[in-house]
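> Line by line, the protein sequences give chains A and B.
Note that the working numbering has the first sequence beginning at 1, numbered continuously upward.
Note that the working numbering has the second sequence beginning at 1, numbered continuously upward.
Worth flagging that the hints you see were computed from the coordinates, not collected in a lab.
In this text, a Cβ means the ideal position worked out from N, Cα and C, and glycines have one as well.
Check before you lean on any hint, since a few could be wrong.
What the hints assert, rightly or not - The list that follows gives simulated cross-link-like pairs (lysine to any residue, SDA-like), each with its CA atoms no further than 20 Å apart:
1) B:Lys63 / B:Arg106
2) B:Lys70 / A:Asp239
3) B:Lys70 / A:Ala241
To be verified - Counterexamples of contact, computed for chain A against chain B with all Cβ distances above 10 Å:
4) Ala83
5) Asp189
6) Ser217
7) Ser225
8) His227
9) Ala235
10) Ser246
11) Ile299
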Amino acid sequence: MRTSRFIPILALLGAVVLVQLLTLAGGKAFFLTQLTMSAYYTLIVIGLCLLMGFAGQISLGHAGFFAIGGYTSAVLTTLDLAAYKENPLVAMLAKAGVLTARQDLYGGSLLSVHPWAACVVAVLLAFVIAWAIGIPVLKLKGHYLAMATLGFGTIIYSIVLGTQRFGAADGISSVPPFPLLFGVSVSGDSSLRVLNYYFAWLLVTVAMVLLLNLISSRVGRALRSIHGAEDAAGAMGVDTARFKLSTFMLSAVLAAVAGVFLTHYNGGIGPSEASIMKSVRYVAIVAVGGMGSLWGTLIMSVVLNFLSLRGYFGSFDDAVFGGILIVIMLFAPDGIIGADLRRLVGKIANYKQQNSNKSQ
Amino acid sequence: MALLEVKNISKRFGGLQAVKDVSFSVREGSIKAVIGPNGAGKTTLFNLLSGFLLPDSGAIVYKGRPIHAKSPHEIAQQGLSRTFQHIRLFAHMTALENVMVGRHVRSRAGFLAGMLNLPWTWREEQEIRERALSLMEFLGIVDLADANATSLSYGQQRAVELARALAGDPAMLLLDEPAAGLNMRETADTARLISRIRDLGITVLIVEHDMSLVMQISDEVLVLSYGEKIADDAPRAVQGNPEVVRVYLGEDDA
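Assemble the whole structure, with the sequences as input and the hints as a guide.
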């Protein structure tokens, strides 16, 4: 059981290293930028996969949580409190390291929130909002839940688009790098491209390990039972409301973390990240990945996000994801990787077994 | 001693009085049956007992504590487990996994422990698995452990559902028509099984249409008609009760 979870994780790490070496050998190191961005988007969709594929609850508002993370971090790390230096509260926060002084593009001095502190605030905010939205909304089922989460996404989109402080249609730019360890930071600096690629994928790997553990635990079983027959799950003692809410909050936190880091990586965030089309895209990726398959979702996320970010879908970008959703729902509601790949692996295993039986 | 006590409970759906002022009690370690013609309010009564419905008035006291305002999962956690008239197994899960969910109330690994795969959760998982398998052994369905639960035959699904309800070590079991859709031999097996479950020390309350099964295994029989209690007695006495005969066989024409 446990080793079978271990091997795919090693394979993932191996693939991450292999891809980096291939881009190096092929002179395509710039691909790493899109692969890094894909990693952050993958963080959102694997969280959404837990919510949709395992707990059976849809969300058409997850771009909203990504935006809550990204915008909170962007606002806090770009605001300037230098004028309030004398304020005792500001002085205290500066002393505690929550605020940090840095230079802006024109050499002026800025006093803004440290990215780590901003990240904590962003994640906590997403956590609290997911809780507050989740309690009423998760009482709904099916179409009604889809519509309610769509409403939430629309509200977040309207807020970021209509608020001057959030840069309205322009979004927020010149977001500072996010310092990690040893002078390495999450930023678009091309000298840090390789390290950023590894950091993003390490984050995905850690999230993947945590989620894979979760789905094969008592909680994962309870989530699938809610998906299978919610009333019977309740009759078996599963606190269905609490489990659905916790899953919703966990996936919202993953989306917010992705939002925080991608915003620092890109050096900014715009309202399109909060748009409904983004939420639809995440749902489409989970669907094409096989709904209940974290690995299928991860693979499809990398492939589709990479192609999209490289511009292969041209101006039909959103249409491609809408089209995928229709085609998958019509012809392969179990996804194109999930069931077929499992059947294929099963066939190969059987074939091997038969051969070894023959040779005996 | 009464394990479950129902006091003057009523439930109305719009213009329909589904359960009207019903009172009864279930002795610890006994098998009690609820019978009555279609629409007598038996399933409504079960849904009230298991927390799926809130009563309009009256009280349900289980182990000395009122439970009529509790939600289904809280009632299950107190050791009152149920099966469904229309089998409600978890789709896309194996029979074993279905039974393991039944052990939910006797285990405690949460989100954090699950994500971090803490060592104590391995032991807990092991215990859940072993308990589920031993129950499947008890019910003679251990061979079906890895089969997809919803692909099993009707009788097998009933057995899986029963194993699932037993997996939480309930003190009391509510069985909603456990013999529905079963042939005569399977019904007889079910009767023996319910007696064996009682012998394990589990109190059983059962809704059933099959009279031979009810009369054979029950210690007491409660008869409902149009939501009202018309008899609550030993099987023999109920069979001889003129009111019950009238309800079941219709008015005498003469």
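> For a quick check of understanding: which of the numbered hints are violated here, in increasing order?
6, 7, 8, 9, 10
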